[in-house]
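Enquirer: Use the sequences and the hints to build the structure in full.
Protein sequence lines, in the order shown, are assigned to chains A and B. Heads up, the first sequence is in UniProt numbering, so the first residue is 1 and it goes up one at a time. Heads up, the second sequence is in UniProt numbering, so the first residue is 1 and it goes up one at a time.
I should point out that these hints are in silico values taken from the structure, not numbers from a laboratory. Check before you lean on any hint, since a few could be wrong.
To be verified - These stretches of chain A come out as covered by chain B in the derived footprint (C-beta under 8 angstroms, 3 or more residues):
#: 1; region: 62-72
#: 2; region: 177-187
What the hints assert, rightly or not - Simulated crosslink set (EDC-like; lysine to aspartate or glutamate; CA at most 16 angstroms straight-line):
#: 3; chain 1: A; residue 1: Lys143; chain 2: B; residue 2: Asp392
#: 4; chain 1: A; residue 1: Lys177; chain 2: B; residue 2: Glu39
#: 5; chain 1: A; residue 1: Lys143; chain 2: B; residue 2: Asp62
What the hints assert, rightly or not - One side only, chain A facing chain B, incomplete, derived with CB under 10 angstroms:
#: 6; residue: Ala19
#: 7; residue: Ala38
#: 8; residue: Phe247
Computed from a predicted structure; not experimentally measured. Here a beta-carbon is modelled for each residue, glycine too, at the ideal position from N, C-alpha and C.
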Amino acid sequence: MRVALFTSCAADLAAPRPALAAVRVLEAMGMTVDVPGAQTCCGQVALNSGHREPASELMRRWGRTFGEYDAVVGVSGSCTATVHHQFPRVLEDRAARLAVDAARRTWEFTRFVAHHDAALDLALSGDVTWHDSCHMLRSLGEKAAPRDVLGRVRGLRVHEAPGSEVCCGFGGTFALKYPELSCAMADRKITDVTRTDATHLVSSDSTCLLHLSGRAARRRVPLRALHVAELLAAALPGGPGTLEEAFA
Amino acid sequence: MSGRSIALHGAERVPHSRPEWAGSVRPGHRALLPLVTAEAVSRPESAATAARLTERSREWQDGGWPENLVPLRERAARIRRETLGDLESHLAQLAAKVTEHGGTVHRAATAADATAIVRRIAAEHSVRLVVKSKSMVTEEIGLNPALEADGIEVVETDLGEYIVQLGDERPSHIIAPAVHLAHRDVAERFDALAGERLDHDVTALAGFARARLREDFRTAGLGVTGVNFAVAETGTLAIVTNEGNADLVTSQPPVHVAIMTPEKVVPRMADLGVLIPLLSHAGTGQRMTVYQTLVTGPRRAGESDGPRELHLVIVDNGRHRILGTRYEEVLACIRCGACQTACPVFRTLGGGHAYGAAYGGPIGAVLSPLLAQHEQDRELPYLSSLCGACADVCPVMIPLPDMLVDLRADDAASGRRMSRAGWRAWSALWSNRAGHRVSLAVAAAAARLLPRRFLTRLPVARRWARGRELPDLRGAGRLRRALRRRHRTGDPA
Chain A
1 MRVALFTSCA
11 ADLAAPRPAL
21 AAVRVLEAMG
31 MTVDVPGAQT
41 CCGQVALNSG
51 HREPASELMR
61 RWGRTFGEYD
71 AVVGVSGSCT
81 ATVHHQFPRV
91 LEDRAARLAV
101 DAARRTWEFT
111 RFVAHHDAAL
121 DLALSGDVTW
131 HDSCHMLRSL
141 GEKAAPRDVL
151 GRVRGLRVHE
161 APGSEVCCGF
171 GGTFALKYPE
181 LSCAMADRKI
191 TDVTRTDATH
201 LVSSDSTCLL
211 HLSGRAARRR
221 VPLRALHVAE
231 LLAAALPGGP
241 GTLEEAFA
Chain B
1 MSGRSIALHG
11 AERVPHSRPE
21 WAGSVRPGHR
31 ALLPLVTAEA
41 VSRPESAATA
51 ARLTERSREW
61 QDGGWPENLV
71 PLRERAARIR
81 RETLGDLESH
91 LAQLAAKVTE
101 HGGTVHRAAT
111 AADATAIVRR
121 IAAEHSVRLV
131 VKSKSMVTEE
141 IGLNPALEAD
151 GIEVVETDLG
161 EYIVQLGDER
171 PSHIIAPAVH
181 LAHRDVAERF
191 DALAGERLDH
201 DVTALAGFAR
211 ARLREDFRTA
221 GLGVTGVNFA
231 VAETGTLAIV
241 TNEGNADLVT
251 SQPPVHVAIM
261 TPEKVVPRMA
271 DLGVLIPLLS
281 HAGTGQRMTV
291 YQTLVTGPRR
301 AGESDGPREL
311 HLVIVDNGRH
321 RILGTRYEEV
331 LACIRCGACQ
341 TACPVFRTLG
351 GGHAYGAAYG
361 GPIGAVLSPL
371 LAQHEQDREL
381 PYLSSLCGAC
391 ADVCPVMIPL
401 PDMLVDLRAD
411 DAASGRRMSR
421 AGWRAWSALW
431 SNRAGHRVSL
441 AVAAAAARLL
451 PRRFLTRLPV
461 ARRWARGREL
471 PDLRGAGRLR
481 RALRRRHRTG
491 DPA
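Expert: Take a look at the structure:
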């Protein structure tokens, strides 16, 4: 099966590793992975800042870039949710129809793995906790797939944090408009996470993780954050075996 | 004809320790929202309130909707939208029924019109003391200060409202007005009010308030209530409480003024069977509120109690402008406050005061700019991380996050030209492969070459760096290079 990887602009700017890891995982699953070079941004950040026209320009571009693939796999839960939920709301006429159609073929990474992998041999010992990113959880309604996928990794223990479903305070330009508030929300999340037995925080959205680890670094709190694709790639056969070794 | 308040006796001794923006009267000129919110976040009280609200949210909202309420929620959403579709005819039926029962119906276009009507009624009866049961619309229209300007004492009889009134504050949550206060804060207020140290046991404190409020129920010349639902087919006004204070407000004083906004009307009595359990569950995790006060007309001939006059004031205050727009559904709101409890932004701010409007939280961030009472309310839709928790808990399924996004678009369309041009330039750049590549290269070069001290002063980075380390942009564009290399060599990524 040929799939296109939808990497999200965070991967281009500051978080390349999750996208590269996703390629390895998908290939290990037997997929032919294409990473369309024409992709840039799904338009979410412009849309959520109130700029509908620039957003829809990027959305239409997304449609042209990914329109021909049988399956598109999104490395970001939030960006995938934008394709599913906002494209049909924002785009009009033919573009909207194409977008709805593309959304039907667009998968969030863990969901794709959960549905298409039967034989993947995953092993990595360690302790993690999962952060449900808001749009993945509420807009895509995806709570089970990441837990399912993490559950397949031999040796991995998943510790639920009490506020796993609570927003980390990133919220796109919200993080810039209201930095103190955004950081206070991160602090609550960091506290919840550090109270578990997990050594690493795992999520499906690099932006949440950049915000949380940036905050933790400023406060000198040891918080190690990684994208679920990175974890799965490290858990592939021939990997380091332990989370500590893989992500020291 | 009425006496003076016992409940407020000594209120001048209660210190007002609130920040300016939490005051009972919303100031005409407000500090900028980012400043107010930063101050709110820095208050230790906010963290305590956040903890309280988070606990409530976990107790009431975790685990989603109970199975038995799922169909009820869908029905409620439908009833509310159907009613909005034909609001005027339901209101006409309601008005006819209330009048038939001997009540008087007033229609007010604006807040000022509504307060003028209540002031006139109070003046006609030489009222000196008003007892109120909890009502958000009276907050919205500023009824208390309007009556107080006429020399009338106004006493809030909901326990939480009474507590915030003593501290000269606004309610901080639609259904839990004193949620921003701890047990200790309440005890301090009551001690100051009493002029002596009281027993600080919770029941004893509630008993103290109860005893004082009882006197005022007896002597007040006017009782003011809001309306949770007004039943068109019977002319019945439904008010729910957990303290029974609405029973007293609507039965003891000789005159009852009920104030509602048009969208509070429901077509049938049977609709209450859907809406009241939902309101109770969404608001406080109860199956039913302890009291449901149903008022159908004033005292009738031969009856021994109840008010001699009933006035229903229906105040629009900008709602007609919302009907028929893409925001119409926001009028389906039943004021349960669930979206506030569920909202991590609201919680972290320590409640609704920092929003500056009568309604805080997600519902307030949508409704307030639409009501357009204050220019600064246009900023409220941005005061959300768009996490969507509000939509999950909304008993009538209002798509609040989508509305927040749409309101931002409305605001930006009429906003600063510079910002619009900036976004357009960015999307043009990123709609072009070369433009995208160049922008990544520029970001990486800047991150590599410029000293960190300088980087943290750049416009966007500066705001990120307020509390966070900057992400490492030196690797901007690295993904593309790694992929190209991989493509060429077939090496693993």
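Enquirer: List in ascending order the numbers of the hints, as given earlier, that are violated by the structure.
Expert: Of the numbered hints given earlier, those the structure breaks are 1, 8, listed in rising order.
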